[in-house]
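Quick note, the sequences are listed as chains A and B, same order. Using the numbering used here, the first residue of the first sequence is number 11, and each one after it goes up by one. Using the numbering used here, the first residue of the second sequence is number 126, and each one after it goes up by one.
These aren't lab readings, by the way, just hints derived from the structure by calculation. Heads up, some of the hints might be wrong.
[Stated by the list, open to error] Stretch-level coverage of chain B by chain A, calculated; a stretch enters the list once three of its residues show a Cβ under 8 Å from a Cβ in chain A:
| id | segment |
| --- | --- |
| 1 | 256-262 |
| 2 | 279-285 |
| 3 | 436-443 |
No residue lacks a Cβ here, since even glycine has one placed at the ideal position from N, Cα and C.
Listed below, chain by chain, are the residues.
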Amino acid sequence: MIETILTIAFLAEVLRISVPYALAAICGSTTERAGVIDLALEGKLLFGAFAAATIAHATDSAYIGVAGGMAAGAAVAALQIWFALRLGADQVIVGVALNLLALGGTRFLLQLFYGEGTNSPRGPAFGDAVATNPIVWIAVIATAGVAFAFVRTRWGLRLRAAGDRPEALVTVGVSPFRARLYAALVGGALAGAGGAQISLSVGVFSADMSGGRGYMALAMVILAGWRPAWAAIACVGVACASAIGFHLQIAGSSIPPELAPLLPYVLTLLVLVIFGSLGKPPRSLGKI
Amino acid sequence: MTSNTRREVQAAMIALLVSVAIGSLLALGVGVSPGKMWWEMLERTASDPYLFGQVLYKATGLALCGLAVALALDAGLFNIGAEGQITAGVLVCATVGAALPDATPAILAIPLCLAAAAAGGGAVGGLIGVLRAKRGAHEVITSIMLNAIIAGVALWVGNAVLFRGGTTRGDAIVAGAELPELGLGGSSANTSLVLAALAVIALAWVRSRTTWGHAWRAVGRDPAAARSVGISVARVQTLVMTASGALAGLAAANFVMGHKHAFEEGLGRNTGFLGISVALLGRSHPFGVAIAALVIGFLSQGGLAVGDFVPKELTEMLQGVVVLAVAGASVWIKRQPEPGR
Numbered sequence: 011m012i013e014t015i016l017t018i019a020f021l022a023e024v025l026r027i028s029v030p031y032a033l034a035a036i037c038g039s040t041t042e043r044a045g046v047i048d049l050a051l052e053g054k055l056l057f058g059a060f061a062a063a064t065i066a067h068a069t070d071s072a073y074i075g076v077a078g079g080m081a082a083g084a085a086v087a088a089l090q091i092w093f094a095l096r097l098g099a100d101q102v103i104v105g106v107a108l109n110l111l112a113l114g115g116t117r118f119l120l121q122l123f124y125g126e127g128t129n130s131p132r133g134p135a136f137g138d139a140v141a142t143n144p145i146v147w148i149a150v151i152a153t154a155g156v157a158f159a160f161v162r163t164r165w166g167l168r169l170r171a172a173g174d175r176p177e178a179l180v181t182v183g184v185s186p187f188r189a190r191l192y193a194a195l196v197g198g199a200l201a202g203a204g205g206a207q208i209s210l211s212v213g214v215f216s217a218d219m220s221g222g223r224g225y226m227a228l229a230m231v232i233l234a235g236w237r238p239a240w241a242a243i244a245c246v247g248v249a250c251a252s253a254i255g256f257h258l259q260i261a262g263s264s265i266p267p268e269l270a271p272l273l274p275y276v277l278t279l280l281v282l283v284i285f286g287s288l289g290k291p292p293r294s295l296g297k298i
Numbered sequence: 126m127t128s129n130t131r132r133e134v135q136a137a138m139i140a141l142l143v144s145v146a147i148g149s150l151l152a153l154g155v156g157v158s159p160g161k162m163w164w165e166m167l168e169r170t171a172s173d174p175y176l177f178g179q180v181l182y183k184a185t186g187l188a189l190c191g192l193a194v195a196l197a198l199d200a201g202l203f204n205i206g207a208e209g210q211i212t213a214g215v216l217v218c219a220t221v222g223a224a225l226p227d228a229t230p231a232i233l234a235i236p237l238c239l240a241a242a243a244a245g246g247g248a249v250g251g252l253i254g255v256l257r258a259k260r261g262a263h264e265v266i267t268s269i270m271l272n273a274i275i276a277g278v279a280l281w282v283g284n285a286v287l288f289r290g291g292t293t294r295g296d297a298i299v300a301g302a303e304l305p306e307l308g309l310g311g312s313s314a315n316t317s318l319v320l321a322a323l324a325v326i327a328l329a330w331v332r333s334r335t336t337w338g339h340a341w342r343a344v345g346r347d348p349a350a351a352r353s354v355g356i357s358v359a360r361v362q363t364l365v366m367t368a369s370g371a372l373a374g375l376a377a378a379n380f381v382m383g384h385k386h387a388f389e390e391g392l393g394r395n396t397g398f399l400g401i402s403v404a405l406l407g408r409s410h411p412f413g414v415a416i417a418a419l420v421i422g423f424l425s426q427g428g429l430a431v432g433d434f435v436p437k438e439l440t441e442m443l444q445g446v447v448v449l450a451v452a453g454a455s456v457w458i459k460r461q462p463e464p465g466r
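Just need the whole structure built from these sequences, with the hints factored in.
Following this line, the structure appears as structure tokens:
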């Protein structure tokens with residue numbers, strides 16, 4: 011087991027697994043730093059994974075699939091913002107509703123497109139590649155780029171103001187709603203790319219294939235104190251637990267095969283309980 | 126009807142109409158006439174005692190789960206862990222039921238098994254409540270983690286100890302713990318329906334007529350205000366989540382004691398998530414939950430009843446649509462000006 015972990019191949023595997031978590035966590039950081047509770051990460055991942063796989067299959071291009079996944083993630087974010095901010099619906103409930111909608115909606119669309127409700131037909135895939143996988147690069151660039159943009163760009167400054175003191179934005183004539191919408195759209199597109207990684211690494215979309223990654227990513231956002239780069243790095247820890255769980259399962263160790271895949275869930279729960287958060291939530295999180 | 130109740134009913138009705146409209150559009154999308162789909166759903170369910178019984182069977186589990194989610198919502202907590210709490214209830218209930226001596230009379234076996242189901246679910250709910258109250262861990266995230274962990278652990282316990290001879294079914298519970306079926310065309314509807322009805326009435330009473338009910342609703346409306354009048358918010362949150370988990374666990378009475386009479390892999394799956402739709406559509410009121418359980422149970426079973434010409438994924442998708450529609454409709458209704466009288 012130890013020999014397996016200390017290899018370059020294992021590191022590459024962890025990096026690859028961490029991509030959807032990290033991109034979802036960056037989305038969670040941007041949306042929440044702008045003041046909107048983001049429990050819809052799971053739905054953004056799932057719709058992103060679905061759109062990426064089906065569009066890649068239809069166009070026979072994994073790259074166009076990635077673009078489709080990003081568009082789907084942004085679309086879910088737009089729907090979330092409309093319900094949460096325009097209608098003023100409960101943000102926690104809207105998030106969970108979108109996740110439930112993604113679960114049923116992707117199954118329905120699978121049935122509609124392919125006459126089968128569980129799997130999409132096999133299309134182009136990035137496979138186990140790391141260096142040649144564009145989504146890995148999107149994740150790396152987004153980790154550094156969003157952290158930089160938070161402190162150095164108009165988008166980032168307005169986003170953080172919208173989450174901390176929206177009234178300050180109003181006094182300088184900027185709409186907090188717009189700042190939140192732009193934050194959510196950028197985040198949604200990134201989470202959609204994360205979803206694309208889930209399906210395009212195998213070339214097939216399967217129902218419920220996001221498997222709670224969005225919720226785990228949000229736990230890492232909270233752990234990292236709503237700092238996007240830290241959250242992305244924390245996600246590498248979850249990915250590591252997931253990879254170890256996978257290897258324990260196939261290595262036939264003394265740990266029962268039913269329990270080994272639970273490692274990332276247990277780790278996330280322990281992190282939440284022991285550390286909670288290493289920072290303060292945005293002042294106006296969840297208030298409109 | 127007070128104006129508040131009227132608004133809640135209006136919100137639920139609007140959400141239901143929007144969901145039916147979207148369901149009709151989806152039907153057109155798969156090339157089915159919406160009129161035919163809804164009519165056949167109603168007609169087949171109403172005319173076939175078996176299908177009608179299956180609606181009642183589903184509604185029983187959904188009502189208990191919906192009450193669980195509604196109780197937590199009342200206190201400002203979102204229990205999406207009912208899925209795991211049901212599994213825990215099913216596992217503990219079936220294990221206790223199978224371990225009792227063969228000759229245990231019903232008067233002992235039934236209360237024991239019910240207590241076991243409630244304890245299993247309540248322990249999980251209580252854990253989520255403690256983590257929220259003492260550690261500030263968001264209940265939605267801990268719930269999802271616990272759902273995954275409990276599903277894995279239940280499968281492991283099943284494979285390692287309970288399942289017999291390559292099946293995914295454990296030992297049967299003793300005869301005394303079985304709840305009789307209602308005998309509706311050979312359907313799974315059983316007398317736990319009475320239990321669900323009693324739970325609805327009991328919760329409605331506790332909620333509106335006791336200091337406990339007022340305490341938990343005060344915490345739900347404004348935790349700071351509740352604290353300032355001397356209510357221990359942490360204690361209320363923990364107790365409410367324990368009670369909520371116990372209600373979800375009691376759904377095991379329907380699945381184990383009333384129907385399967387043993388622990389089975391995946392028994393009651395998805396009821397916890399549907400319970401969210403039920404609680405929201407029922408506007409968190411116990412009587413609303415009872416009606417919503419019948420509606421969602423009908424949708425869920427009706428989708429299967431017309432499965433020969435409508436894909437079952439259509440009604441599955443509608444369950445998410447319902448939640449989103451209620452979330453939107455309830456705030457929209459609140460914004461409308463009060464009509465003059």
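Against the structure, the hints come out as follows:
1. 256-262: Answer holds; 4 residues pass the 8 Å Cβ test.
2. 279-285: holds (count 4)
3. 436-443: holds (count 7)
Checked against the numbered hints given earlier, the structure satisfies every one of them.
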